[in-house]
Amino acid sequence: KNEVEQSPQNLTAQEGEFITINCSYSVGISALHWLQQHPGGGIVSLFMLSSGKKKHGRLIATINIQEKHSSLHITASHPRDSAVYICAVSLAGNLIFGKGTKLSVKP
Amino acid sequence: DTAVSQTPKYLVTQMGNDKSIKCEQNLGHDTMYWYKQDSKKFLKIMFSYNNKELIINETVPNRFSPKSPDKAHLNLHINSLELGDSAVYFCASSPGTSGGPQETQYFGPGTRLLVL
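Residue numbers (the working numbering), protein chains in the order written: chain A, 3 to 109; chain B, 53 to 168.
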């Protein structure tokens with residue numbers, strides 16, 4: 003069983019929809035990362051958080067340490083948001099990744 | 053100006069060969085990493101390294117070794133390549149102020165390795 007579980011695995015949305023991707027983990031962590039992998043393969047770090055909430059443009063990330071759960075929200079989704087979104091947790095010098103959520107936003 | 057660069061972008065080689073992938077960062081960061089993304093797109097950390105400490109993921113075969121000539125470079129050497137080594141390898145860096153992967157990661161573009 004993976005220590006980091008993401009849901010859904012695949013997500014198709016219409017342009018403009020509000021999107022939520024979830025990440026649950028089973029161990030105590032020092033930080034949680036949300037990454038975006040573009041269709042071309044490049045990886046970009048979106049957020050790194052250890053508590054509360056962070057916002058960057060149309061992206062919002064939240065984390066609940068007690069419930070061991072994080073969500074990534076995308077408001078007013080756009081086709082250019084189509085990518086794989088990966089959750090990863092920092093634990094004792096290691097970084098453990100979820101399997102990713104493939105998002106496709108249709109115009 | 054590329055922040056984290058890797059060469060080569062593509063690498064096709066025969067089983068049993070020894071190869072290296074180079075990584076350079078111009079961000080002034082103290083910590084660098086190597087990650088492997090397998091055919092199912094699953095990422096795993098292989099190494100994290102700063103000028104004080106090398107942390108090795110225990111699942112990494114000892115055929116893989118990081119070499120750092122200076123803090124801006126972390127090259128990955130792979131000996132006796134096997135079919136299962138085929139993957140995309142990503143280099144990354146982080147500031148290193150708090151150490152380790154609890155910092156924001158800056159990724160290179162990846163090196164696609166195919167072992168025949």
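Hint data in this document are derived by calculation from the structure and do not stem from the laboratory. Some hints could be false.
Unchecked claim - Listed below are the simulated DSS-like cross-link pairs for lysine-lysine, each with C-alpha atoms no more than 25 Å apart in a straight line:
#, chain 1, residue 1, chain 2, residue 2
1, A, LYS70, A, LYS108
2, B, LYS123, A, LYS101
3, A, LYS57, A, LYS104
4, B, LYS93, A, LYS108
5, B, LYS88, A, LYS104
Stated by the list, open to error - Here's a subset of chain A near chain B, in silico, CB distances under 10 Å, partners left out:
#, residue
6, HIS35
7, GLY42
8, ILE45
9, SER47
10, MET50
11, GLY54
12, GLY59
13, GLY95
14, ILE98
Glycine residues also receive a C-beta, built at the ideal position from the N, C-alpha and C atoms.
So, going through the hints one by one against the coordinates:
1. LYS70/A - LYS108/A: At roughly 31 Å apart (the allowed maximum being 25 Å), LYS108/A and LYS70/A break the hint.
2. LYS123/B - LYS101/A: 31 Å, violated
3. LYS57/A - LYS104/A: Holds, at about 21 Å.
4. LYS93/B - LYS108/A: The hint holds at about 23 Å.
5. LYS88/B - LYS104/A: Measuring from Cα to Cα gives roughly 19 Å; hence the hint holds.
6. HIS35: OK, holds: HIS35/A within 10 Å of chain B, min 7 Å.
7. GLY42: Status holds, d = 9 Å.
8. ILE45: 4 Å, holds
9. SER47: 5 Å, holds
10. MET50: 5 Å, holds
11. GLY54: 16 Å, violated
12. GLY59: 16 Å, violated
13. GLY95: With a closest approach of 5 Å, the GLY95/A hint holds.
14. ILE98: It holds, given that the least Cβ distance between ILE98/A and chain B is near 8 Å, below 10 Å.
Violated hints for the displayed structure, listed by number in ascending order: 1, 2, 11 and 12.
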